[in-house]
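Visitor: In order, the protein sequence lines correspond to chains S and W. 1 is the number of the first residue of the first sequence in my numbering; add one for each residue after it. 1 is the number of the first residue of the second sequence in my numbering; add one for each residue after it.
Think of the hints as simulated: they come from the structure by calculation, not from any bench. Just so you know, these numbers come straight off a predicted model, no measurement behind them. Backbone N, C-alpha and C fix where the C-beta goes; we use that ideal spot for every residue, glycine too. Fair warning: there could be bad hints in the mix.
What the hints assert, rightly or not - Label-pair ranges, simulated between beta-carbon atoms:
#, chain 1, residue 1, chain 2, residue 2, range
1, W, 297, S, 138, 27 to 35 Å
2, W, 297, S, 143, 21 to 29 Å
3, S, 114, W, 299, 27 to 35 Å
4, S, 33, W, 222, 25 to 33 Å
5, S, 33, W, 194, 50 to 58 Å
6, W, 379, S, 4, 25 to 33 Å
7, S, 3, W, 294, 33 to 41 Å
8, S, 75, W, 339, 24 to 32 Å
Unchecked claim - To give an idea of the interface, some chain W residues facing chain S are shown, with a C-beta separation under 7 Å as derived from the structure:
#, residue
9, 105
10, 109
11, 114
12, 248
13, 253
14, 291
15, 334
16, 337
17, 346
18, 350
19, 356
20, 357
21, 366
Chain residues, written in single-letter form:
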Amino acid sequence: MGEMYGEVNEVSQEWKDGLASKVMRNAAKELDEDRTWVIFDGPVDALWIENMNTVLDDNMTLCLANGQRIKLRSQMRMLFEVQDLAVASPATVSRCGMVYLTEEELGWKPYVKTWIKVFFAENAAMTEELKEQLWNNFEFTIDPGLQFIRESGVEPIKTTDLQ
Amino acid sequence: MNQDKVSSVFDFKWVKQLRYYWDDEIDGGDCIIKQVSACLRYGYEYMGATSRLVITPLTDRCWITISNALHIKLGANPAGPAGTGKTESTKDLAKAIAIQCIVFNCSDQVDYKMMGRLFSGLCQQGCWTCLDEFNRIDIEVLSVIAQQLLQVRKALLAELTQFHFEGRDIRIRDTFGTHVTMNPGYAGRTELPDNLKVLFRPVAMMIPDYGLIAEIMLFAEGFGNAKILSKKMVQLYKLSSEQLSQQDHYDFGLRAVKSVLVMAGSLKRANPDLVEDGVLIRAMRDANVPKFLKDDLPLFSAIIQDLFPSIEITPNNYGNLKTTIEEIITLNDLQVHPPFVIKVIELFETFNVRFGVMLVGLTGSGKTTCYEVLEKTMTTMRERNDENQVY
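Next up, chain W with everything else stripped away, as it sits in the complex (with noise of 0.2 Å):
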């Protein structure tokens, strides 16, 4: 603080930090956040022992938005690509402040009777509601929602504790807020009408600090150089996204950044004596290997030898579970055929990673057969009672 020159409670770089206060003057007591001008109540809302996101200048970003927006009784609006933070930074806001937060995904059959459902329950619980990409919406019903969302925001500000919504008199608590997230720009999504955009503060999330991001879950996972590695893993993904060749299924993302690290945790602690680059290289060839095209493999393994010179990289070994494998594949009358072998354990292993996982391929490529050899393999290793619990 010293050196960024913060020497008043005034101070900017201070104020926009999410403190919190106990404030005895409120009715006997209360726990009170702030975060610039706004002054937010603590919501005792039990969630559990979560893992937190790592907050970087754009989280701080998108909160002081919220909290604000939540001050002057308005939603906010976290817009920008797919994968960038904006329904997760909504979440943990709602975390830090101890509000029950509902993620709704909303489709184009949405309707207005089922919005104002929702409104009205959570007007009554005075819990947060995210609503996940709300241009899917039919502009028909967004104009509906707006005039509900006006109603709800008037009641707000002339404090009521009862008001008229929808046919009903129901009960109303201050700690509501309504947030929307969406992606402008893809198909199927419109514009949000003009009385719409009015009640939400919009905040633009476009690129998430990558660096940031796996340096500190790198250093959670229990690696002990996660500066260096995150610079050039970071790196990689950027390499890997500019010279690799165009594809539909490609995607170099945050969500793809934190399942390898998810991945890469998980090797380590399996194999604590590993060199940590190594274990890093190992879990980023196996979740991005599988979807890679056949003419961008070399190119991939020379971007990571360009980026760790001295590495050697070891081939894995899977014992049991190829050998399974292959017996399943002579069983059924199949040829065992290496490359779909691997390709089997490769769907094996994004499985253990991803809870949706795409087999993507032409006609006859083997897709169906793939993930059914698979399935019977596994079945004949948990009856075998395989020591290994993941099968």
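Okay, chain S solo, but in the shape it has when bound (with noise of 0.2 Å):
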């Protein structure tokens, strides 16, 4: 929690600032028009996101530990990113607008076709033709070796299908 608002130095009783309000106080010291946006990657817990609740509703000010309080400009923007909100408060929960990303809509098609430009694109014998074979041996085998697995295996630990 220090490292990440900021803490009181028991010795020497000088307040030194963390991460996140280091990095907010300079987003919000700029004058200019740009837009800023701050992201946090990571699980969201009720410990550390409660401090923001008021960075986040109409008020805009980051409020520390030794009575601080910043500003933060309209044009900066918060973003989280996280696997679920399990441990987030309700009232984190209100303050943001959610977009969730599904896995079954990426799936895993996108990598594989990704991968085979990427990887192969130095590759001068690895002709179109090859490419394309590849790719129907990936179609041909995956969903349905994915399917077997799923209903006559056990699986110790739960996938998805990107995995």
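Reconstruct the complex from the two isolated chains, following the hints.
Guide: Rendered as structure tokens:
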């Protein structure tokens, strides 16, 4: 928590900014009209995200534990990248807009296509025909294979199509 | 007033309103504000031309509690679930009587020294403070805060202008007020100790008046038949929260409603010729569809179809944005996958109405790629001097 929002050094009684407060302070200092995004990657925990509550609603101020308040610019946006919100409190959930990405919608196919394209890009021996053949093999084997494993086999760890 | 049988100035329905008077007797004349038995001075603090809240019976009740608590030099304690307008009501009352209100978000790192500094500043200025999520503070710190507040209150009751606080003599102004808001029963929250409870008048804020708020905000955004639309909208939200699957990230509270209304307003101003029902439906779809799971989408469309039977829902046209996104995706050696492109557009739309956005999804569902693509797209469009300033 201290690393994130800053804390008072017990020995010198000085305030030391944390990572988030520093990033936000710098972003808020800029004067031009550029859009700034602050991106938080990783699981959301009620412990640290609750401090963001005033940031996320209409006040747009970050309150630090030493009583400082950082007023953010209206061009700034906060983006959180999370797997689920099982431990986030409703107070946080109601403040954020949500975009849900389903893995079924993406599937494994775009990944394989990109892999074929990038991996063999330098390889002259790999003609378009061979690529086509490789892709057909993928398409032919993977879906029925996965289906077979799920229906008649046992998965010790649950997987999705992508993995 | 006649319908409500209000006949005298002492009728409760009249007395409970926030009333402004000019009083000549207080040193040379001053504006005072009365509500029930409370009597406060006008603060003369200029706030700028800001938007105000929709006044519902719930806000009225909250205001009565706050103003009367202030009258007897106590604070108020609005409590209730997230998104019921606890903080906003407090701030709006501060606006109404022109006093600056400092909103502070409490956390468990807050200690008594910091609170002491906060209070001494507030006493000297005579501001209000609204301590958000007060019960996140550790219980040890809370009992010290109770002591500090008690000191301040004693000074206020004795009508002192100077008093001893935290080792210093400071000035005190009688407009000082402390309000705390809290969500009881959430994770990481403590119960208030009894000696602190007596310093705050509790007011429960459970369910905001969605219908009234939606109606007035729609009128304010320029819709003609807001009455019917607001009814349908509230119904839609009620049905969605009941019929769709239960997910952690679903929320159909007041903030969601408000973002839809703001979105509908900007859509309406952008296309003044469209039918109002259509505009509202589009706003509701744009705001809600991004967060739904695949299985809930048909259910949601069915609810919309039931409530707005005769309306044809036209697919949105994103024009330039979509083509640029596809360009960027190809440039980065990725695959143009239509559902993914739609997700990127949805992220963009959500960014326009919300300050904080969450991308939710399992590992490998393309969260990082999604925002990276959008970032590059927006930069490209800006460099190309696109006529639309939103990029």
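Visitor: Against this structure, judge whether each hint is valid.
Guide: Right, here's what the structure says about each hint:
1. Restraint check, residue 297(W) to residue 138(S): a C-beta distance of roughly 29 Å satisfies the suggested window 27 to 35 Å.
2. In this structure the hint that residue 297(W) and residue 143(S) lie 21 to 29 Å apart at CB holds, the actual value being about 23 Å.
3. Remark: the range hint 27 to 35 Å for residue 114(S) to residue 299(W) is upheld by a beta-carbon distance near 33 Å.
4. Under the hint 25 to 33 Å, the C-beta atoms of residue 33(S) and residue 222(W), about 27 Å apart, fit the expected range.
5. Range check, residue 33(S) to residue 194(W): Cβ separation about 51 Å, and the 50 to 58 Å hint holds.
6. For the pair residue 379(W) and residue 4(S), the supplied restraint of 25 to 33 Å holds, since their beta-carbon distance comes to about 28 Å.
7. Residue 3(S) and residue 294(W) have their C-beta atoms about 38 Å apart, which keeps the hinted 33 to 41 Å range intact.
8. The hint said 24 to 32 Å for the Cβ distance between residue 75(S) and residue 339(W), and at roughly 29 Å that hint holds.
9. For residue 105(W), the interface hint holds, the least distance from its beta-carbon to any beta-carbon of chain S being 4 Å, beneath 7 Å.
10. The restraint placing residue 109(W) at the interface with chain S holds, with a minimum CB-CB distance near 4 Å, inside the 7 Å limit.
11. Nearest Cβ of chain S to the Cβ of residue 114(W): about 5 Å, under the 7 Å cut. The hint holds.
12. Interface restraint check: residue 248(W) against chain S, minimum CB-CB distance 4 Å, threshold 7 Å, status holds.
13. Checking residue 253(W) against chain S: minimum C-beta separation of about 5 Å stays under 7 Å; hint holds.
14. Interface hint at residue 291(W): satisfied, since its Cβ lies 4 Å from the closest Cβ of chain S, which is below the 7 Å cut-off.
15. The interface hint given for residue 334(W) holds, since its Cβ lies 6 Å from the closest Cβ of chain S, which is under the 7 Å cut-off.
16. Checking residue 337(W) against chain S: minimum C-beta separation of about 5 Å stays under 7 Å; hint holds.
17. At its closest, the beta carbon of residue 346(W) sits 6 Å from a beta carbon of chain S; the interface hint therefore holds under the 7 Å criterion.
18. Evaluation of the residue 350(W) hint against chain S yields a held restraint, the C-beta minimum of about 4 Å falling below 7 Å.
19. This hint holds: residue 356(W) has a C-beta 4 Å from the nearest C-beta of chain S, less than the 7 Å allowed.
20. Checking residue 357(W) against chain S by beta carbon gives a least distance of about 5 Å; that is within 7 Å, so the hint holds.
21. Because the smallest distance between the Cβ of residue 366(W) and any Cβ of chain S comes to about 6 Å, under 7 Å, the interface hint for this residue holds.
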